[in-house]
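Protein chains in written order, with my numbering: chain A, 754 to 956; chain B, 754 to 956.
These are calculated hints, taken from the structure and not from any lab test.
Small disclaimer: the values here were computed from a predicted structure and weren't measured.
Possibly wrong hints are sitting among the right ones.
Claimed, not checked - Mimicking BS3-like on lysine-lysine, the simulated pairs with C-alpha atoms at most 25 Å apart in a straight line are:
id: 1; chain 1: B; residue 1: K806; chain 2: B; residue 2: K878
id: 2; chain 1: B; residue 1: K878; chain 2: B; residue 2: K804
id: 3; chain 1: B; residue 1: K806; chain 2: A; residue 2: K806
id: 4; chain 1: A; residue 1: K878; chain 2: A; residue 2: K806
id: 5; chain 1: B; residue 1: K806; chain 2: A; residue 2: K804
id: 6; chain 1: A; residue 1: K878; chain 2: A; residue 2: K804
id: 7; chain 1: B; residue 1: K804; chain 2: A; residue 2: K806
As the list claims (entries may be wrong) - Derived, one-sided and incomplete: chain A residues facing chain B with beta-carbon distance under 8 Å:
id: 8; residue: E781
id: 9; residue: N880
id: 10; residue: D918
id: 11; residue: S919
id: 12; residue: I925
id: 13; residue: R946
Glycine included, every Cβ here is placed at the ideal spot set by N, Cα and C.
2 protein chains.
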Amino acid sequence: MPKIVDHDERRREVLDATWRVIGRVGLEATTVRRIAEEAGYSYGVLAHYFKDKDDILVSAHRLAFAQARDRIMAATADRTGVDALRRAMLEALPLDAERFLEAQVDVSFLGRAVASDHLREIRSKSNADARWLWAAFVEQAQEDGEIAPDEDPELVADEVMALIDSVSIQAIIDPERVGPEHQLLLVERLLGRLGARGAGPTG
Amino acid sequence: MPKIVDHDERRREVLDATWRVIGRVGLEATTVRRIAEEAGYSYGVLAHYFKDKDDILVSAHRLAFAQARDRIMAATADRTGVDALRRAMLEALPLDAERFLEAQVDVSFLGRAVASDHLREIRSKSNADARWLWAAFVEQAQEDGEIAPDEDPELVADEVMALIDSVSIQAIIDPERVGPEHQLLLVERLLGRLGARGAGPTG
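With the rest of the complex left out, here is chain A (with noise of 0.2 Å):
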């Protein structure tokens, strides 16, 4: 009798072991058959799930965003207007060595879309729900009256995506001058410049 495999439960298994590997060697030394050996799985079966070195990249920055998103729905359960969009971004940022990770794999994964269509459609595709996502935080604030009415909740949510960024690439090349505190002051400074009216940061 075959054996029968949960083919959702070992992808998640094969997920999670690329993003420990990723983590202890970085994504540079991470290869399909270090991740089959943290997995426990054979390099045939790991060759089924990558691949190649951009497989590998396509499936750390699907993880990275979700693991964001599900930060971000998780810090904002019980929150509304600014304060819900202030924490959303500050689980967006590089402030601790996981979330640093994440803008790792983000930086690497541009890096190589430039000379990638398939890459840049990946991006494109996860650019646009992350827009969604920030857009209904603005929206939402609007609604609570802490954000102006007549701002675009589209080209709000572009600053904060530009922010988010700039401030990943910064904290990899100039992670003493682009520490957490300076990267919550420019949080601040954009908030106070969309004429924020909600709770302070430490609100």
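Take the given structure of chain A and dock chain B to it, following the hints.
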């Protein structure tokens, strides 16, 4: 008698050839061999300039920054205040094919810098130079009374550079969405939020 080689001139020729090859075949497909053919030198001579792919990338990065800087200086020679700041920003954004190529080089460089101390160091130095340049424009606009005197020029420079980084990324990922019109809109939003009272975008 040995042939007298003007090393600076040859370096310049090699750099120009590097840029032409990148423009024609893209950074991924750019090799030392192709640059040698383009420059009309032997592979052996070129190997003296480029040890590996990262060396090509470093040269391309330096060239892109130097080109942008030259354009910024030319575009702002007889300008001051927010007018000069705006014109400088436009020279740094991917508004045409040449500057789009600079953005591609920049994002490729960032991606590879994630795993390279050497590339991060070079980028950190370039960023410090750029920050100095942008802060000088901000200070001049403050002297002209066009940006509020209590703004920290270095922080505003951070925001200008964040906009340029993120627009470069988005123009690569979503070229149809983040075309010239959208880029100009984001510039005006940033300037508007600085309380900039300079000449309008057509001034």
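Verification of the supplied hints:
1. Distance restraint check for K806(B) and K878(B): the Cα-Cα separation of roughly 20 Å lies within the 25 Å cut-off, and the hinted pair is therefore satisfied.
2. Between K878(B) and K804(B) the CA atoms are separated by roughly 21 Å; this keeps the pair inside 25 Å, and the hint holds.
3. Of the pairs offered as hints, the one joining K806(B) and K806(A) holds, with about 18 Å between alpha carbons and a cut-off of 25 Å not exceeded.
4. For the hint linking K878(A) to K806(A), the alpha-carbon distance of about 20 Å falls within 25 Å, and the restraint holds.
5. For a cut-off of 25 Å, the pair hint linking K806(B) to K804(A) stands: about 24 Å separates their Cα positions.
6. Of the pairs offered as hints, the one joining K878(A) and K804(A) holds, with about 21 Å between alpha carbons and a cut-off of 25 Å not exceeded.
7. A C-alpha spacing of about 24 Å is found between K804(B) and K806(A), which places the hinted pair at or below 25 Å, so the restraint holds.
8. Proximity of E781(A) to chain B holds as hinted, the smallest CB-CB distance being about 4 Å (cut-off 8 Å).
9. Because the beta carbon of N880(A) sits about 6 Å from the nearest beta carbon in chain B, less than 8 Å, this interface hint is met.
10. Interface restraint check: D918(A) against chain B, minimum CB-CB distance 5 Å, threshold 8 Å, status holds.
11. For S919(A), the interface hint holds, since its Cβ comes within 8 Å of a Cβ in chain B; the closest pair sits about 3 Å apart.
12. Among the interface hints, the one on I925(A) holds; its C-beta lies about 6 Å from the nearest C-beta in chain B, closer than the 8 Å criterion.
13. Restraint check, R946(A) versus chain B: the minimum CB separation of about 4 Å is within 8 Å; hint holds.
The structure shown violates none of the earlier numbered hints.
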